[in-house]
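Sequence lines, in order, name chains S and P.
Take the position in the first sequence, starting the count at 1, then add 159; the result is the number in this note's numbering.
Take the position in the second sequence, starting the count at 1, then add 159; the result is the number in this note's numbering.
If you're looking for bench data, these hints aren't it; they were derived computationally from the structure.
There's no promise every hint is true.
Not everything, but these chain P residues come out facing chain S in the computed CB check (under 10 angstroms) [stated by the list, open to error]:
1) VAL206
2) ASN465
3) VAL500
4) ARG510
Note that beta-carbon positions come from the ideal geometry of N, C-alpha and C, so glycine has one too.
Protein chains: 2
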Amino acid sequence: MSVTAPQGFRAAGVAAGLKSTGARDVAVVVNDGPLATAAAVLTSNRVQAAPVLWTRQAVSDGAARAVVLNSGGANACTGPDGFADTHRTAEHVADVLSAAAGPGGEVGAGDVLVCSTGLIGVRLDLPALLGGVDAAVDALHAAGGDEAAHAIMTTDTVAKQALAQRDGWSVGGMAKGAGMLAPGLATMLSVVTTDAVVDAAAADAALRAATRTTFDRVDSDGCLSTNDTVVLLASGASGVEVAEDELAAALTEVCADLSRRLVADAEGASHDIAVTVTNASDEDAAVAVARAVTRSNLFKTAIFGNDPNWGRIVSAVGTVPEHVAPYDPLTLDVTVNGVQVCRAQGVGEPRELVDLAADREVHVEIDLHAGTASATVWTNDLTHDYVHENSAYSS
Amino acid sequence: MSVTAPQGFRAAGVAAGLKSTGARDVAVVVNDGPLATAAAVLTSNRVQAAPVLWTRQAVSDGAARAVVLNSGGANACTGPDGFADTHRTAEHVADVLSAAAGPGGEVGAGDVLVCSTGLIGVRLDLPALLGGVDAAVDALHAAGGDEAAHAIMTTDTVAKQALAQRDGWSVGGMAKGAGMLAPGLATMLSVVTTDAVVDAAAADAALRAATRTTFDRVDSDGCLSTNDTVVLLASGASGVEVAEDELAAALTEVCADLSRRLVADAEGASHDIAVTVTNASDEDAAVAVARAVTRSNLFKTAIFGNDPNWGRIVSAVGTVPEHVAPYDPLTLDVTVNGVQVCRAQGVGEPRELVDLAADREVHVEIDLHAGTASATVWTNDLTHDYVHENSAYSS
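Go ahead and model the full structure; you've got the sequences and the hints to work with.
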């Protein structure tokens with residue numbers, strides 16, 4: 160149930176002093192092969208952290224041997240010096256892995272991917288980070304996935320891991336993310352591993368397919384980060400050749416599981432909300448309408464108050480331009496937890512029939528009557544605890 | 160300092176029982192002429208309340224004699240029955256105004272504009288509303304603007320009025336709006352009056368010009384309502400002929416004043432925040448970037464916490480697509496209350512130099528280094544009181 164569940168991987172997570180709490184804050188995941196296939200999906204934010212710039216370049220050849228991840232600082236908006244810090248980190252990981260492997264086991268800096276998360280606009284404590292790399296490489300072991308998953312936590316309250324077991328091969332994954340959590344892809348770091356035999360092109364295509372309908376459909380607070388990274392490493396250690404669609408299905412299972420865990424642990428949330436749009440003209444239209452609702456603060460505060468205030472849903476739906484989502488506003492139906500409170504844009508069943516207090520999970524369904532496509536976007540309610548967590552200290 | 164400040168207008172605001180508090184909830188503003196020029200700007204939400212549908216039709220001939228406004232119910236998403244309620248309300252206003260005026264003073268229902276505000280998805284108490292119309296028409300007087308401004312309040316804590324005095328003529332206005340407050344135009348009701356002599360085309364053009372840079376640049380909580388309406392009535396009673404640009408300037412003054420009052424009274428807010436984008440490629444790009452920042456919950460909670468967390472500003476800027484706002488992300492500068500905390504996307508002056516606690520007003524400036532256009536969008540911080548007001552009861 161972790162990145163070390165598939166064969167051919169070692170990992171570790173150590174405390175390097177980047178987090179003021181003294182908790183684990185540096186993780187290393189190593190792919191021992193025989194393959195070194197790698198792919199990555201990175202933030203669509205135009206402001207990109209140094210590790211994102213580095214990883215895009217390093218993974219462009221479809222290969223990587225290791226990922227180093229740190230919490231305690233995003234290394235975003237830190238200029239050329241920040242980029243040099245990331246470069247130095249990758250070099251250091253490569254050096255200590257090469258030394259540990261001995262002759263014939265050399266790793267180059269270009270085979271080390273880097274992920275960072277934490278406050279934007281602050282330089283990392285590089286000596287502490289490099290010390291953490293030494294300790295983490297020293298501690299690498301074949302059951303280290305759980306320690307690594309803990310080391311990448313920031314405001315997360317639980318480590319997030321997932322596993323898809325197949326016949327003779329598997330996909331394991333870990334993720335962090337609790338705030339600044341919105342798609343493009345979802346704001347978070349994730350490492351997914353597999354022991355399947357796949358080439359770089361299939362790995363890249365399968366990873367993009369999996370993230371498009373999972374991490375990209377989480378929108379906790381509408382805020383897209385500078386550091387989003389999902390990395391896939393394939394070791395081929397199972398010896399099982401896997402087709403792209405099979406791999407994509409297993410990756411989707413793991414990414415969906417991790418996405419659901421991100422929503423469940425979102426900062427300050429008391430409800431997890433699935434907004435499903437049905438009978439849309441196409442999938443993009445369905446996603447656009449769902450996202451308009453998941454980004455409405457009035458909708459999110461109403462759910463916090465256990466109030467099925469469907470006027471706030473319909474008014475959010477109405478903000479999506481017609482060229483993005485063609486539909487007739489007069490035909491809109493809205494169902495909340497099974498009760499069709501809005502029918503043909505008018506009053507439907509009594510809103511008092513909706514029970515929102517019984518369960519953390521809330522299901523909203525919006526029927527556009529405009530086609531056959533559908534999509535679900537997950538979000539959270541907007542609570543006092545969210546405001547507290549995001550105003551009381553910098554993160 | 161109200162809609163009855165210009166010559167040729169009477170108004171009243173009465174308590175009709177639509178609000179459970181017993182406060183004033185029905186307002187009538189009458190234009191006694193000699194002109195009956197009118198224009199309106201209405202919500203761009205595709206889900207439109209019955210009074211919006213009515214007013215769009217009624218004002219299409221450029222003439223109106225009266226506006227009736229109610230709080231205590233939006234009459235949105237109420238279907239054909241809700242539209243019949245609005246129609247009936249306009250007819251009733253026309254009937255009682257005609258009866259009061261006597262022969263030769265007849266008013267048609269098509270000369271009565273209607274505005275409603277309150278909870279979506281609930282029918283109005285029509286007998287109470289019509290009773291309120293009787294009382295309001297009975298109470299109309301040339302100093303009634305203040306009472307009308309109070310009658311349109313919902314979660315507003317203060318009545319909002321403004322006046323632009325010119326040589327021999329003037330523009331007066333009132334507005335309500337505290338929640339579901341976002342542009343397209345800003346979510347609110349406003350009636351603006353003038354005794355200038357203007358024709359319908361000039362009135363319409365001047366009103367659109369004025370709202371575009373005022374109400375449309377308020378974004379308190381990102382939520383666009385179904386009921387937004389700004390109505391302009393021109394009586395011509397001053398006898399002063401006014402050119403369109405002169406009228407637009409006076410209207411802009413009044414609308415800007417009212418907009419600032421909306422921001423100052425936004426639900427639960429503790430800071431009013433002006434986000435100014437400078438050196439953009441064009442004005443639309445500047446507005447798009449400013450709006451991305453004003454819609455970031457992480458930015459808004461940081462300001463509530465008096466935390467100049469500029470990483471949340473830069474990351475929001477980075478979400479605007481390049482085709483919308485061309486700029487080089489590596490050149491971004493951000494200044495908060497006069498301190499340039501981010502320079503060329505990197506660390507600038509120490510963030511500790513920024514004082515956010517001293518004043519309710521906060522000024523953020525983002526320099527795109529991409530042209531010469533600029534724009535300011537106003538918003539508020541995201542506070543515990545906002546969450547409380549919007550979760551504790553339906554509105």
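Structure-based check of each hint:
1. VAL206: It holds, given that the least Cβ distance between VAL206 (chain P) and chain S is near 3 angstroms, below 10 angstroms.
2. ASN465: At 8 angstroms from the nearest chain S Cβ, ASN465 (chain P) passes the 10 angstroms test, so the hint holds.
3. VAL500: holds (8 angstroms)
4. ARG510: holds (8 angstroms)
Hint compliance for this structure: no hint is broken.
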